[in-house]
Structure formats: structure tokens, C-alpha cells
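Number of protein chains: 2
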Amino acid sequence: MRHVVILAGGSGTRLWPASRRCRPKQFLPLGKRTDESLIAATARRVAGNSVWVVTAANQAPLVRAALPALAPEAIVAEPAARNTAAALGLAAVHLVHRDPDAIMGALPADQHVADEDGFARVAAEAFDLAECEDVIVTVGIVPTHPETGFGYLQVGAPLEGNARHVARFVEKPDRATAEQYLASGDYLWNGGMFFVRARRLLDDIARLMPDTAEVLDAIARALERSPEEAERVTAERYPGLPKVSIDYGVMEKTTGVVTIPGDFGWSDVGSWTALADYRPADAAGNVVQGNAVLCDAAGNVVVSDPDRAVALVGVHDLVVVQSGDAVLVVPRDRAQDVRDAVAALDAAGLERFR
Amino acid sequence: MRHVVILAGGSGTRLWPASRRCRPKQFLPLGKRTDESLIAATARRVAGNSVWVVTAANQAPLVRAALPALAPEAIVAEPAARNTAAALGLAAVHLVHRDPDAIMGALPADQHVADEDGFARVAAEAFDLAECEDVIVTVGIVPTHPETGFGYLQVGAPLEGNARHVARFVEKPDRATAEQYLASGDYLWNGGMFFVRARRLLDDIARLMPDTAEVLDAIARALERSPEEAERVTAERYPGLPKVSIDYGVMEKTTGVVTIPGDFGWSDVGSWTALADYRPADAAGNVVQGNAVLCDAAGNVVVSDPDRAVALVGVHDLVVVQSGDAVLVVPRDRAQDVRDAVAALDAAGLERFR
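Chain order of the listed sequences is A and B. Each residue of the first sequence is one higher than the one before, counting from 34 in my numbering. Each residue of the second sequence is one higher than the one before, counting from 34 in my numbering.
To be clear, the hints were calculated from the coordinates, so they are not data collected in a lab.
Distance windows between CB atoms, simulated:
1) B:Asp366 with A:Ala209: 34 to 40 Å
2) A:Ala381 with B:Ala190: 56 to 62 Å
3) B:Asp358 with A:Arg56: 19 to 25 Å
4) A:Ala377 with B:Asp148: 32 to 38 Å
5) B:Asp148 with A:Asp329: 33 to 39 Å
6) B:Glu384 with A:Arg201: 58 to 64 Å
7) A:Arg56 with B:Ala314: 32 to 38 Å
8) B:Gly332 with A:Arg270: 52 to 58 Å
9) A:Asp329 with B:Arg385: 20 to 26 Å
10) A:Gly318 with B:Ala314: 30 to 36 Å
Listed next, the stretches of chain A that the computed footprint assigns to chain B, with coverage defined by at least 3 CB atoms under 8 Å from CB atoms of chain B:
11) 336-348
12) 354-362
13) 365-376
Even glycine gets a Cβ: it sits at the ideal position worked out from N, Cα and C.
Start from the sequences, fold in the hints, and give me the full structure.
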């Protein structure tokens, strides 16, 4: 049976001040629709499948609030964040316990998709392939610009349908390399979405990450005894796992990794400027969420709470965000540097605004 | 006897969003000290004198809160704003009723003075002169730059002490004219402060503004009967007075106007950039009130409420103000244009943020 595992572990510092330590990015309405959180949109796009969520234990209440239809046992809580290899391994243990033949589609909770039908077609083909072949199917995003913030996949020989073999995974490139990748047409962005039989993922982890596999096995054995026992063993042993990404721990080292190219208006919502990619702009290129007055102002991204207002006069190409008790002002082309401001809050004795 | 009349009638649109329709500029801590409103600082600078306040009736509670030591009968409430000739005429009527020989020093509530001893010396000399001679003494501010936002006084022959005759009043000049004025050394800014025997001011109004004088006389006669009667006549007739400034109605047309030059770090707190003139800046030229983190940011004026925070990354020479439920972002050199934003709030259906 097919199961979607939504990974809701991110913190989203670059989306401060909307994203906070206690209310990360995936729980915010940062997609095209301003009335739906990113995680709710992710779940809606795969509605009809069995849906699971792996999240930090302290975020479980936020997940329940965001996804009220989710069964309580479909939330797999991590007692501590140990990166994606551990998180997906833990999810796979729970899936296999419930359904030994589980096919697992892993999706980050905090992405935006503009063309939802296009996404659904790719996901269906990826599920089909993962069910019928002994492969891990990644979705490779067709690049739209020479992005230096993502890892890439180099595609190899065609398989069946739209699928291609993956020749290799490559790290975030510099600008010149990214431009070569884009021009070659042989590279896709690694969007962090993949589809695999859960049992096969656990086998790969056993082979490539034996320390992690030992802990996962212990949790699996505890799960045979009782959910409470599994929870106890997870609390005891999971926090000691190494922090390794699924890309580094498994994908780059295993065999039989294939990709289906996806061209469905994907965004990782990596900074405030992402909103300008899929939200409508006014005649002067301003993208506004909330209440704003703009006088002689162009190309700005402006966000306010519904009961607040922001006024911009004579400024251009800024990001201005009011959220709760904090305000951010940064040029659009430096939106990535919001991390610096969040780090600076601590040094300024203003940790309470993180 | 000497009386100070503080004129608290302004609205201060350019200091939005701190200044609001219901909480104008003079009630905000916009001077050097962040714990004292402008009106409280104005009253403190003349402590020891008899102090009166002319204000809009609906601002009387704000005045009482800002100046708790003020006697209730020292608040002269205008039922409607009719500009400074009417307001000062009304104050003069009340002063003369209490003290027929009243010498009146009129001071706007919403100005900042850096050198308070220097101000006190000028005020004392102005009071002396108004008491001993049949003149109106204006304080002329020694200009520090070719300001186009103020009216000017052209000084004439010396009188006694530091006083000079005023040759003429001139309207706000254009930039080239303002530069000539500055270079000539013969012009002072009209700071709106003047000192005069109250009876003489009423005589001037009677001669130059007979319609206004008729209403003021009616109020004076009612005051002889009872305070309640005066209040009734004021409510009935004051709102019908023409809106005329004291400069246009009296000062420019009467004789015997003299000036004492004042060079005491005066500011009309005319926009947010004024704060940078008298508040300390950090090494990068940022002036901050409240909580702010500044990453690679220079020359900004940043204001937040005590329980909020503002983060600036990679921006320079901006004014960023968070106050209550609103946020303003404007370049320092366009701080005057905040009026446009306030006007735009209405058009955008956001009047509630004015």
C-alpha cells in the first residue's frame, strides 16, 4: 500500500519573523493561498493516500492543529532532531510494522507547488515505479535558473516512461557551475522528494548506516511488543543517532536510484522573496499580504498580520515583514541574510523574539 | 504676572505611526529623553511660571495625564480647532480675566530644545521686554541650514540687549532664497514662540481681526458672569471663528514686533529624521529607540515599542518605525512624505490605522 510521509522538521530561520522557534515555517500560510499552511497544502496535494508525519515531539500539537483529519498514530514524533536519514528510517520502521509491503513517498512539509495536477502525475508515476521496481525514485526539479542554494542530480540513461537513471548527486555548486548545469540540460534540482519501498530503505540503511540501523531495529522490536515500549526505546536511543541527511547517508551511496523530472512550479519557500514567484503583484511589482499602503514604492514584498498595517513610502525592492511582535526590513536580494538578523537577536539579548 | 500658554493643538501627521489622530505628536516622547513627552518637556522648561494649556476639548484628558500638576482651570479647551489667532485670543481672554496685567509667553507644545539653559535665558529676556515695552517679542531661531519648511523673520535695527526690530515676516522660501537668507545672516526662523502683554494682544486682534474680537469679547463678558456661562458661549460661538494663524492675522500686520535671536538647539520635531539631530547614534550612524538588531545597516532611524523588535539587514538611511499596530518604512530624505502614506490609509480603507 502507498503511504506518504511528510517530513515536518525544519525551522525556517530565513522566514523570520513569521517563522519562529516555536512556530516553524511549515505551519505558516506561505504558499499561494494565504489561508492554508504549507503543511496543510502538502497533505492536501496527496489527499486519498495514507498520510504520516514525522516531526519533533514538541511540534506534534502544531501538526495536529494543522491537519485535524490525521489519525493520532500517524504522527511519528522524534524526541530530538537527528536529520533526515534517522527521521525517514524511523518512519519506515513504523510503516513496515503496520504494512510490511509499504511503499513510502517522502515529502518535505514546507514546499510550494503551483501546478498541483502536474505534481500529482509525477507522484503517481513515482509511486508506480517504486512499487514495481527495486529502485529509489527521486523527483528531480527541472531548473529554471542557475540556483546555487540547492544540490543537483545528474541524469543518466532513460529507464521507462519519464524516468531516468541518476548518474550522480552533486553538492550545491558555485555560480559558474550552476550556469553550466542549467545550459547542459543534464541536471535537475534535488527537491528532497523520493519514493521507495520502506523495507528497501531499511535494508539500505542496514548496509550503509549500521549504527543507525541497530537503533532502528531495537525500536522495531519494541514496536512488536507495544506502542508504549517503542516510545520508551525511541526516547532512550534515538537522540544518540548521528545527524546525517538521507542524501549523504543513503542516496549518494546506494544503487538503483532513478529520477522523474518534475516541472510543476516548485518552490522550497527558501526565503521571503519566494512569495514573489507565485503571489500576484500590483502594477508596480509589489507583492502584498495583509494591510499595506504603498506610496511611490515598487518591487517590494510586504507582509503584515491581518490586524496590523505597514506603510512604505519611496522605497523599492525591499522585503518588509511585520509578524506578531517583530518587524523585518531587508533588500530582496539579501533575503537569505535574515539568518544573520536572527542570530544577532541572541547577541542583543533579544532571544525572546526568535 | 508672567504666564506661559502652551499651544497643544497640532496633529503631527508626519510622525505617524507613533502620532495618531487620537494621540498627537505633543503627547509622545520624541525629544532627547525617551521617558518624557514633548509637552511635558515644554512645561518642565518653564516650571516656576504660571502655566496654561490651550488644547482641543477632546485632548484635555491627554493634557491632564501628561501634566498632572496642572490646575484643571489652567486648561483652556477649544470646542473646535480654529488655528493660532483664535486659540491665543481665547487664552488671552482667560488670562486677562484672572490677571489684567498678564504677560503671556506662547510656546508650541511639540518642540524640542537641546540647550535648556540657553532657552531659559532667551525666555527671561523676552518676558522682561514684553513687560517693560509695548512690543510683541518673538523668538527668532538662528538658522543652521537653508530650511524650506519654515517661515523666516528679517531682522532690522537693534533695540536693547539682544533684541532687534523685525523688519518683516516672510513665508516659506524656495531653496535658493533660503540659501540667500542663511548667507545674509539677516534672517531667523519663525519658531512660533512669542511674548506679549495679553491685553495688548487682544487690542491688536480688535484692530486687525474685528470678527474674531467680537466673539472673544462675548466670551470675556460671559466669563465675568460665570465659568459655565463662558463655556456655553465658547461652545456656541468659537467654532464659527475664521481659521487664521497668529502670524498672518496679527504679527505681519501690527507694529512694534521685535525678536530675540535664539540659538539653543531648537527643533520643531517636524519629521522622524529630527530624532537623528539630538539622539545619540551608534558607530554606523544608526539612531535606535526600542529594540533593534542591525546587520550591515547604516544611517537608519529605528523606533520600536518596548515589547516589540525590529531587525534591519543590509539597508541604509531608512526610517523604520513600529508603533502599536502599524509600521512605517521611508528613506530619511523623504521623511516629510509620511503625510502621503497617512492620506493613503483612507483611500485603502485603512482609516482605523490613522
